[in-house]
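Heads up: the protein sequence lines correspond to chains A and B, in order.
Using the numbering used here, read the first sequence as starting at 1 and increasing by one per residue.
Using the numbering used here, read the second sequence as starting at 1 and increasing by one per residue.
Just so you know, these hints were derived from the structure itself, not from any lab.
Among these hints, one or two may not hold up.
Said to hold, decoys possible - Ranges between beta-carbon positions, derived for each pair:
1) B/Ile4 to A/Val286: 51 to 59 Å
2) B/Asp67 to A/Ile66: 42 to 50 Å
3) A/Ile78 to B/Glu60: 38 to 46 Å
4) B/Ser33 to A/Thr387: 46 to 54 Å
Think of the CB as a built atom: it goes at the ideal place given N, C-alpha and C, for glycine as much as any other residue.
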Amino acid sequence: MSQEREESAMMDILRRGYAAVFYENWPIWLGGVLLGITSVITFAWARPWGVVGGLRNWGDWFFKGIGIYSQAPASPFISTNSLIALGLLWGSFASALLSKQFSIRFSPPFELLKGIVGGILMGIGAAMAGGCNVGGFYSALGALSLSGIAMMIGLIMGAYLGLRYVYWEVEHISTGAAGGTADSGGKKAINLLSIEPYLGALAIIAAIVFTWVYSDMALTREGVLALCGVSLGMIIQRTRLCFVRAFRDPFMTGEAEVARAISISIIITILGFAALKWTGLRDEMVYVPQAFWFGGLLGGIIFGFGMVIAGGCGSGSLWRAGEGQVKLMLAVAFFALTVSLVEKAIDSSKSLTALMGHKVFLPDYIGYRWSILLLIGILIVYYLAATWNEKTEKFMVEM
Amino acid sequence: MTDITPNETLDCRGLSCPMPILKTKKTIGNMKSGQILEILGTDPGTRNDLPAFAKRSGHEYLGEKQDEGFSRFYIKVK
């Protein structure tokens with residue numbers, strides 16, 4: 001009798017735990033903290049995480065497949081760039097299933113077009129800035145690269161311009177809602193929903209088996225990086241951590257929650273990355289893009305505009321695609337194709353490469369101590385400015 | 001939740017962030033105080049965004065109802 005009661009108490013604890021992790025909203029700041037810690041673990045394991053490298057690998061394969069590129073890129077199942085991005089996609093897919101949030105979501109045609117245009121703009125911007133919001137900004141700042149600041153300024157400007165466009169669109173273009181599309185298969189979706197958590201658990205087990213098998217093939221480094229991607233995808237999907245909101249919301253609604261979460265996250269990343277580089281455990285020039293300042297700034301503006309139009313940045317488009325949003329799947333596809341082409345063009349032209357700028361590793365100029373203080377100081381200023389704006393709405397743009 | 005009769009319904013199914021919020025903001029601008037707006041949505045983000053938007057702008061978020069394949073959200077205009 002008492003054993004039975006203990007068992008049912010245990011079931012109750014587990015059920016509540018599951019609901020807390022997968023059905024309830026996580027605070028966004030927690031997402032920022034977990035993302036920062038996982039970023040540092042990923043770099044300590046092998047390398048920083050990024051998204052664009054993986055997308056470029058897939059785009060390269062496409063163009064090789066249709067005969068435009070002569071050289072075959074690295075296999076997407078060996079390239080760590082590709083494995084991290086695949087992991088992120090898989091992790092957000094699994095997490096959406098576990099939370100009963102996966103469904104194929106269609107959008108009206110005009111929204112799909114915005115996904116495509118946003119994806120193309122993000123591809124151009126990321127190629128110029130040497131990375132998307134992750135590799136060109138988030139991980140680049142962690143890596144103590146000055147082009148991360150150039151891209152941050154660009155992203156703020158681009159998000160502002162993108163918001164002006166979206167306001168204009170709301171006033172002047174009637175996209176019409178998808179109406180029927182959401183309903184079609186509604187009945188089926190309901191039935192699927194009840195088994196989604198089991199499919200999600202299978203997806204997680206599959207990811208662990210994948211890493212296990214890779215380890216047996218002497219590819220432990222690659223396998224664990226894919227698993228890091230899965231963790232990142234789960235964290236970002238559960239907290240709906242969205243870089244677009246960090247830059248757009250202060251202008252749109254005045255909300256600063258996401259801007260604060262991203263600031264905290266990058267500060268953790270800076271501290272962890274600096275420890276790994278300063279102690280000589282990792283190469284100093286890792287994730288220092290050759291994009292200071294022109295490529296970072298202009299690439300940031302173009303990328304920032306594109307991410308607001310698409311409704312997702314590099315990582316954001318991936319996790320929303322993993323959740324089943326067709327618009328963001330298109331954004332990812334066109335982002336991948338564009339970044340492949342534009343990076344190829346920049347790489348093959350000396351003058352274009354020079355135009356994008358230099359690799360600037362801050363400690364080479366002002367030492368580690370001042371670099372860390374300066375970058376953290378800039379993020380604290382961003383944190384405080386966004387919070388001040390939340391109260392005063394000084395930067396808010398009225399519709 | 002079943003006894004709410006909305007004055008207006010805004011169909012945001014198939015739209016993703018930030019369109020549901022912006023369309024809600026625009027529609028509320030043309031409504032009178034005390035009226036109730038119903039928003040239909042399919043984006044999981046809307047579940048967090050609408051209550052936060054209502055709280056910041058002083059409207060009352062009344063809650064949501066699950067329908068087949070989408071959600072219905074209710075906001076009372078301040």
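Status of each hint after checking the structure:
{"no.": "1", "hint": "B/Ile4 to A/Val286: 51 to 59 Å", "result": "56 Å, holds"}
{"no.": "2", "hint": "B/Asp67 to A/Ile66: 42 to 50 Å", "result": "43 Å, holds"}
{"no.": "3", "hint": "A/Ile78 to B/Glu60: 38 to 46 Å", "result": "55 Å, violated"}
{"no.": "4", "hint": "B/Ser33 to A/Thr387: 46 to 54 Å", "result": "30 Å, violated"}
Hint compliance for this structure: hints 3, 4 are not met, and every other hint is.
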